[in-house]
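Student: Residues per chain, in single letters:
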Amino acid sequence: MIKARGITKRYHDRMVLDGVDFLAEQKKITYVFGTSGGGKSTLLKILIGALKPDAGSVFYHDLDITSISGRELDPFRKRIGMLFQRGALLNSLTVGENIALPMREHTVLDENIIAIMVKMKLELVGLRDFEHLLPGQLSGGMQKRVALARALALDPEVVFFDEPTSGLDPIMAAVITKLIADLNRLLGITCIVVTHAVEEAMRIADKIVILYQGRVRAEGTPQEIRASSDPLVQQFITGNPDGPISFHASSKDFREDLLVG
Amino acid sequence: MKSLFGFIGRAFITFLRDLSSLTSLFGDTIVQSVVLLKDHRKQKQWPILQQVDQIGFHSLLMVLTVSGLFGIAMTVLIAFELREIGDSNYSYIPGFVTVAIFRGVGPLLTAVIVAGRVGAAFTARIGTMKVSEEILALETMAINPVRFLVVQRFLGLLLSLPALTILAGGTAVFGSFLLCSTRLGIRPEIFLREAMDALMLKDLYAGVIKATVFAMVIALIGCYRGLLVEGGAEDVGRSTMITVVTSTLTVIVLDTVLTAAFYG
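Those protein sequence lines, which keep their order, are chains X and L. Counting from 0, one number per residue, gives the positions in the first sequence under numbering that gives the first Met the number 0. Counting from 0, one number per residue, gives the positions in the second sequence under numbering that gives the first Met the number 0.
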């Protein structure tokens with residue numbers, strides 16, 4: 000469905016992704032997790048065609064999206080939905096207008112039909128009464144749900160989620176996680192989720208990919224990941240502060256740094 | 000010395016790069032304007048008149064105040080100068096002020112005010128949208144950000160600025176008229192006759208052409224700088240400042256070029 004091969008990306012002299020292979024199967028939920036700054040968001044941007052990798056290619060069915068750009072990407076983009084980390088709703092439009100936007104732009108549907116569709120999408124995320132409010136009048140969690148409704152506007156085949164539960168209270172996080180599971184089980188939507196929330200991944204994922212220092216460190220079903228003997232993977236899923244992953248992000252020796260300046 | 004050349008070289012390369020990007024944004028804007036104007040459905044969603052209201056109507060009070068006061072100040076100065084050289088015949092003033100305003104200062108003054116007020120707002124607005132990933136979201140939804148964000152602003156300013164310029168000219172002359180008729184003893188009908196005699200049709204259309212060119216420059220620089228924002232709030236502020244400086248300077252340079260072309 001979505002297949003990436005040998006994705007490499009560097010920013011300045013820092014290697015963010017180093018030969019990542021990735022496969023998300025149709026109608027499955029694939030979770031990608033890793034440490035902050037570990038290349039997850041970069042991978043996601045490459046998968047949706049917003050960023051070109053330095054090397055490697057991404058296939059959507061048989062279409063290589065890294066070899067095309069601009070308007071050529073539009074047919075692909077109309078088949079996918081994306082939930083941005085902070086929602087990225089258009090602040091000058093109401094909730095209803097935000098959700099109607101992709102339909103108005105890409106379909107020839109009548110305004111009355113669009114109005115009904117907007118209500119249906121909002122009902123899906125439980126926010127039917129909020130159609131006429133501006134995004135700024137909603138809480139962070141509500142904005143994310145509206146953004147999800149917008150991502151679903153054109154009934155996409157694949158939905159990408161960038162940190163869907165970060166910054167939310169536990170109940171709202173659970174609501175979003177359940178929504179992701181429902182989208183997949185009830186509507187058969189392929190979901191690709193980038194997160195560092197391990198527990199939710201373990202609960203609903205069909206497949207988990209762990210990125211570490213720009214490479215795929217482990218991949219498999221939640222059971223396989225849990226049973227992994229790799230101490231780094233174990234540190235990841237238990238969230239242990241002590242282990243192979245140090246909290247020090249600097250490469251220079253501390254003593255040397257202090258003495259030399 | 001070497002670093003000075005390096006600095007000039009780098010500045011020149013940046014200038015050429017900006018110029019080429021601006022030209023390509025201009026081309027894109029024209030193409031997307033045609034797309035929008037042809038599509039009635041999309042036009043209904045993105046009413047250009049709403050932009051005219053936001054740009055034109057909301058700038059009106061400021062433009063009219065500044066130009067009215069400018070007309071009065073100019074009249075005071077000319078009257079003072081005439082008294083200094085011992086000439087108490089003020090009947091030159093109406094013609095002189097009218098020509099100076101419509102031919103020279105009016106379009107420039109209006110464009111500088113609008114560059115500071117509207118151009119800066121374009122950059123801040125689009126830049127903030129860039130920071131909050133709204134523009135990336137548009138692209139991901141296969142919606143062209145140029146059509147969505149630039150075209151309305153471009154067309155809105157293209158309609159607003161010439162109208163504002165004419166109104167500003169009229170208000171400046173009206174300011175002068177008030178002072179002349181109340182303090183300098185020039186009868187209203189004399190003022191009107193002198194002003195109309197001095198004004199040529201060419202002054203009006205040259206003003207409109209200038210305003211149209213300025214509108215394009217202000218809209219494009221404002222939107223371009225907004226689309227270029229990277230990072231966070233700091234870059235939005237910096238880009239807004241760059242917009243005001245570059246669009247004001249560009250307007251002043253173009254004003255000289257166009258004035259020379261029309262009257263040189």
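Calculated from the structure, these hints are not laboratory results. Quick caveat: nothing in here was measured; it's all calculated off a predicted structure. Take these hints with a grain of salt, some might be off.
Short derived list, chain L residues pointing at chain X, Cβ under 8 angstroms [stated by the list, open to error]:
1) A10
2) T13
3) D52
4) E132
5) L135
6) E138
7) A141
8) I142
9) T247
10) I251
Below, simulated BS3-like cross-link-like pairs (lysine-lysine); rule was C-alpha separation at most 25 angstroms, straight line [claimed, not checked]:
11) K26(X) <-> K177(X)
12) K1(L) <-> K77(X)
13) K51(X) <-> K2(X)
14) K37(L) <-> K77(X)
15) K26(X) <-> K44(X)
16) K41(L) <-> K118(X)
17) K206(X) <-> K177(X)
Between beta-carbon pairs, the in silico distance windows are [claimed, not checked]:
18) S2(L) <-> S35(X): 37 to 47 angstroms
19) T237(X) <-> G230(L): 53 to 63 angstroms
20) N239(X) <-> I7(L): 55 to 65 angstroms
Positions of the beta carbon are idealized from the N, C-alpha and C atoms, including for glycine.
Student: Give a verdict on every hint.
Tutor: Each hint tested on the structure:
1. Interface hint status for A10(L): violated, as the beta-carbon distance to the closest one in chain X is roughly 23 angstroms, over 8 angstroms.
2. Against a cut-off of 8 angstroms between C-beta atoms, the interface hint on T13(L) is violated, since the closest Cβ of chain X lies about 19 angstroms away.
3. Checking D52(L) against chain X: minimum C-beta separation of about 14 angstroms lies over 8 angstroms; hint violated.
4. Given hint, E132(L) at the interface with chain X, holds; its Cβ is 4 angstroms from that chain's nearest Cβ, closer than 8 angstroms.
5. At about 6 angstroms, the closest approach between the beta carbon of L135(L) and any beta carbon in chain X falls short of 8 angstroms, and the interface hint on this residue holds.
6. With a least beta-carbon distance of about 7 angstroms to chain X, the hint placing E138(L) at the interface is held under the 8 angstroms criterion.
7. Among the interface hints, the one on A141(L) holds; its C-beta lies about 4 angstroms from the nearest C-beta in chain X, closer than the 8 angstroms criterion.
8. The interface hint given for I142(L) holds, since its Cβ lies 5 angstroms from the closest Cβ of chain X, which is under the 8 angstroms cut-off.
9. Taking 8 angstroms as the C-beta cut-off, the interface hint given for T247(L) is violated, the closest approach to chain X being about 27 angstroms.
10. For I251(L), the shortest C-beta to C-beta distance to chain X is roughly 32 angstroms, which exceeds 8 angstroms, and the interface hint is violated.
11. Proximity of K26(X) to K177(X) is assessed by CA-CA distance (about 16 angstroms); at most 25 angstroms being required, the pair is judged to hold.
12. Under the criterion of a C-alpha separation no larger than 25 angstroms, the hint pairing K1(L) with K77(X) is inconsistent with the structure, at around 52 angstroms.
13. A threshold of 25 angstroms between alpha carbons decides the hint, and for K51(X) with K2(X) the separation of about 15 angstroms falls inside it, so the pair holds.
14. A threshold of 25 angstroms between alpha carbons decides the hint, and for K37(L) with K77(X) the separation of about 23 angstroms falls inside it, so the pair holds.
15. Between the alpha carbons of K26(X) and K44(X) the distance comes to roughly 21 angstroms, so the proposed pair stays at or under 25 angstroms and holds.
16. For the proposed pair K41(L) and K118(X), the alpha carbon gap of about 22 angstroms is at most 25 angstroms, so the pair holds.
17. At most 25 angstroms may separate the alpha-carbon atoms for a hinted pair to count; K206(X) and K177(X) meet this at roughly 17 angstroms.
18. In this structure the hint that S2(L) and S35(X) lie 37 to 47 angstroms apart at CB holds, the actual value being about 39 angstroms.
19. As the Cβ distance of T237(X) to G230(L) is approximately 35 angstroms, the hint placing it in 53 to 63 angstroms is violated.
20. Under the hint 55 to 65 angstroms, the C-beta atoms of N239(X) and I7(L), about 56 angstroms apart, fit the expected range.
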